[in-house]
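Asker: The residues making up each chain are set out below.
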Amino acid sequence: MSEVIKGYTAKQLRVSLSDNTIKTEPTDPKVIRKYLGGVGYGAYLLYKELIPGIDPLGEKNKLIFATSPLSLYKIPGGGSITVCFKSPATNGWGESRCGGNFGPDLKAAGFDHIIVEGKSDKPVYLVINDGQAELKCAAHLVGKNVSEKTQLLKSSFPEVASSAMCIGIAGEQLVKFASIMSGDRAAGRCGGGAVMGSKNLQAILVTGTNKILPAEPSLFKDNLRNVTQVIKNNPMSTGFKEYGTIGDMPSNDEDGDWPTKNWQSNSWGKGIEIFDQFQENNFITFKRCYKGCPVACGRIVNVDTGKYKTPRHEGAEYESISVFTAYVMNDDPDVAIHCDYLCNEYGLDTISCGAMIAFAMECYEKDILDQEKTGGLELIWGNSGLLPKLIKMISYRDGIGDILADGVRIAAQKLGSGSDEFAIHVKGLEGPAHDPRSGKALGVTYGTGNRGMCHIQPVEGMAYDRGKMDWGLQEYGLTDPEKYDRWDEKGKGKEVKILQDGMVLPDILSTCKFMMYAGVTLNHWASLLTGLTGWDITGKELLKIGERVVNLQRLFNMREGFSRKDDYLPKRVMETPQFGDYHNQPDCTIHDFDALLDEYYNARGWDKKSGEPTISKIEELGLSEDIEQ
Amino acid sequence: MIIKILVSGILKRYFDQTSFQIVLNDNATLRDLYEYIHEHWVECLPPSIWNRDKKKFRGPVIVMSEQRVLKNDDEKLYNEQIINMFRFISGG
Chain U
832 MSEVIKGYTA KQLRVSLSDN TIKTEPTDPK VIRKYLGGVG YGAYLLYKEL IPGIDPLGEK
892 NKLIFATSPL SLYKIPGGGS ITVCFKSPAT NGWGESRCGG NFGPDLKAAG FDHIIVEGKS
952 DKPVYLVIND GQAELKCAAH LVGKNVSEKT QLLKSSFPEV ASSAMCIGIA GEQLVKFASI
1012 MSGDRAAGRC GGGAVMGSKN LQAILVTGTN KILPAEPSLF KDNLRNVTQV IKNNPMSTGF
1072 KEYGTIGDMP SNDEDGDWPT KNWQSNSWGK GIEIFDQFQE NNFITFKRCY KGCPVACGRI
1132 VNVDTGKYKT PRHEGAEYES ISVFTAYVMN DDPDVAIHCD YLCNEYGLDT ISCGAMIAFA
1192 MECYEKDILD QEKTGGLELI WGNSGLLPKL IKMISYRDGI GDILADGVRI AAQKLGSGSD
1252 EFAIHVKGLE GPAHDPRSGK ALGVTYGTGN RGMCHIQPVE GMAYDRGKMD WGLQEYGLTD
1312 PEKYDRWDEK GKGKEVKILQ DGMVLPDILS TCKFMMYAGV TLNHWASLLT GLTGWDITGK
1372 ELLKIGERVV NLQRLFNMRE GFSRKDDYLP KRVMETPQFG DYHNQPDCTI HDFDALLDEY
1432 YNARGWDKKS GEPTISKIEE LGLSEDIEQ
Chain C
1316 MIIKILVSGI LKRYFDQTSF QIVLNDNATL RDLYEYIHEH WVECLPPSIW NRDKKKFRGP
1376 VIVMSEQRVL KNDDEKLYNE QIINMFRFIS GG
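First to last, the sequence lines map onto chains U and C.
Numbering of the first sequence is given in the numbering used here, commencing with residue 832 and proceeding in unit increments.
Numbering of the second sequence is given in the numbering used here, commencing with residue 1316 and proceeding in unit increments.
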């Protein structure tokens, strides 16, 4: 490989835990050009290197930590790392993105990607320091909370800045929705923490001095200045900094975009009250998740006094607070913040955790669970005192926690008695705090998202329908969202195809999607890439790469046995809410999901019956050489 | 003085327009702007958006001018100032 890749370190680290070997490998310029990095390169590697049907918690699974040329501190949104793996939650495509310093620091350590394979026979952690890597004994980390582990890890390098990602107790216990934590930030969803725990890998610590020099410094500098100005001038960046993602709570509740009581309704009526209390009592200041983030959506919060006293930490994201309020009918933000903090400390995905507790409460309501099975706990709606206890039980797989720790699909199978009817998931991934009864595009994205029922992978359908955002994609054929009513169904399948192809780019480029909410477009990303790599790349080509990656992830899932049947939403999510402001609003329900899927598959060029990409689509996207046929 | 108001996002549905001008007295402050909004639009703004007792926006509404958030009710406005108002909605 004589071609030099600019803008990358051009190296990846392959760590084989089974035989304790570590290799530095060059990255293939052709592959890099085709998939760029992040979840794109992750999809290419995992499709190539994983055998279908493997146990996600077995030795043969792999964890890919992936950056891209844009994972740099100076790039808006560049403080980012994506992790790709076969998900123990879905048995399909798994990916998580985490904001913070880890991505840029991995590049400073000398690598674009880390590939972790095999399993260590004893707990270890990986240290990467300026191009050198070693596995060290991690016995002293086992059983500790995330903050303790992080402190211990970073004390290895007291003189220099370093970044750590680690699992918590939930990852050690192989909880299927365990996350990988980087400080208070999480690579949540899909169970990456369990995969890491199954490998006996406690943590990764990176530090280094490597610098990436742009291929065209002057062009890069001009383009960067332009992109930074776009963000600065956009009121969304002000909004994020002022209110954080929790700022969505009042309007989501009002608009029927707030799943309530395990999705029995899509609004509660307490959104503004909880938000006001939070602002008054818990919010301290904004936080940038990495050095120099221009958006600063993070919140520093605490609970000052009382039963749920919680130290200052970064938290209180919209999703995390919603699942510990509306989902479980708790209206005390102190409790929700405390629960969010506990999830961070135990290394648990907040969304799946809250969803599991809501599911358990409904099981209790319907006498599928009783006090005998719950060990005396009364899983009554709104019983907020229970929540911290249950989070601990799930993390340690203690009592009823052991059933809940495997996710809602398996829990419903084990409990039976019709509980699968209110096990809200797609492909095994529990639903987050946005409701397609607020806007139908979200229904399509929930059904067809490759990692399962996710509001943001790769696109937030409700932001198109309600927020009327287009992220600059009208240039590529997206219809102006103002032309649709949020409850229209016809046309949404077609729009979601373009939305997904465009909005997967921040995940491929391992940057933060919020930059696109603040005005950054595919053309802007392309301009930064051109300056860094010297490639002549356009927004149009980026969109094609996006389509390629979405299709490759789909093919990964197909190979694991997924098909059209796995793209359907739970019935409850498409039905009239059982109470609340939209109880008598039949327009909000999804009337013909089959038609939505048909339209989506047609736009994608996929087989209508199976949902599989056709041969012609595979060839069009240049995927033939990368997959078996 | 004349103040130009730009309304975007979800707030559009309550004001039923995206831009309009209002006339305030020469020494008007942000508080006076809120009084004006209360007088003319209180019936159109739901309690989740507008605090009727305090006569100001409630919750995550951004009021800004020249890329700066206006927070101090005593801040003096100036003639032909452009003020953007929107209710924050993002994602995440």
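No lab work stands behind these hints, which were simulated from the structure alone.
A couple of the hints might just be wrong.
Said to hold, decoys possible - Distance windows between CB atoms, simulated:
| hint | chain 1 | residue 1 | chain 2 | residue 2 | range |
| --- | --- | --- | --- | --- | --- |
| 1 | C | Lys-1386 | U | Lys-854 | 52 to 60 Å |
| 2 | U | Asp-1418 | C | Asn-1342 | 15 to 23 Å |
| 3 | U | Thr-1059 | C | Lys-1319 | 46 to 54 Å |
To be verified - Restricting the straight-line Cα-Cα distance to at most 30 Å, the calculated cross-link-like pairs of lysine-lysine (BS3-like) are:
| hint | chain 1 | residue 1 | chain 2 | residue 2 |
| --- | --- | --- | --- | --- |
| 4 | C | Lys-1369 | U | Lys-1118 |
| 5 | C | Lys-1371 | U | Lys-953 |
| 6 | C | Lys-1371 | U | Lys-1223 |
| 7 | C | Lys-1386 | U | Lys-1101 |
| 8 | C | Lys-1370 | C | Lys-1319 |
| 9 | U | Lys-1314 | C | Lys-1370 |
| 10 | C | Lys-1319 | U | Lys-905 |
| 11 | U | Lys-1245 | U | Lys-1204 |
| 12 | U | Lys-1299 | C | Lys-1327 |
| 13 | C | Lys-1369 | U | Lys-1448 |
| 14 | U | Lys-1314 | C | Lys-1327 |
| 15 | U | Lys-1072 | C | Lys-1386 |
| 16 | C | Lys-1371 | U | Lys-1101 |
| 17 | U | Lys-1101 | C | Lys-1319 |
| 18 | U | Lys-1063 | C | Lys-1386 |
Note that this is a predicted model, so its numbers are computed, not measured.
Where is the CB? At the ideal position from N, CA and C, for every residue including glycine.
Asker: Taking the hints in turn, state whether each one holds.
Answerer: Evaluation of the provided hints:
1. C:Lys-1386 / U:Lys-854: 52 to 60 Å: holds, 55 Å
2. U:Asp-1418 / C:Asn-1342: 15 to 23 Å: violated, 48 Å
3. U:Thr-1059 / C:Lys-1319: 46 to 54 Å: Violated: the Cβ-Cβ distance is about 27 Å, outside 46 to 54 Å.
4. C:Lys-1369 / U:Lys-1118: holds, 29 Å
5. C:Lys-1371 / U:Lys-953: Not OK: Lys-1371 of chain C and Lys-953 of chain U at ~60 Å, beyond 30 Å, violated.
6. C:Lys-1371 / U:Lys-1223: Distance ~42 Å between Lys-1371 of chain C and Lys-1223 of chain U Cα, so the pair is violated.
7. C:Lys-1386 / U:Lys-1101: holds, 25 Å
8. C:Lys-1370 / C:Lys-1319: holds, 20 Å
9. U:Lys-1314 / C:Lys-1370: Answer violated: Lys-1314 of chain U to Lys-1370 of chain C is near 34 Å, above 30 Å.
10. C:Lys-1319 / U:Lys-905: violated, 36 Å
11. U:Lys-1245 / U:Lys-1204: Holds, at roughly 12 Å.
12. U:Lys-1299 / C:Lys-1327: Judged against 30 Å, a Cα distance of about 12 Å means the pair holds.
13. C:Lys-1369 / U:Lys-1448: Violated: Lys-1369 of chain C and Lys-1448 of chain U sit about 59 Å apart, past 30 Å.
14. U:Lys-1314 / C:Lys-1327: holds, 15 Å
15. U:Lys-1072 / C:Lys-1386: With a Cα-Cα distance of about 14 Å, the restraint between Lys-1072 of chain U and Lys-1386 of chain C holds, given a limit of 30 Å.
16. C:Lys-1371 / U:Lys-1101: holds, 19 Å
17. U:Lys-1101 / C:Lys-1319: It is violated: about 33 Å lies between the C-alpha atoms, which goes past 30 Å.
18. U:Lys-1063 / C:Lys-1386: holds, 19 Å
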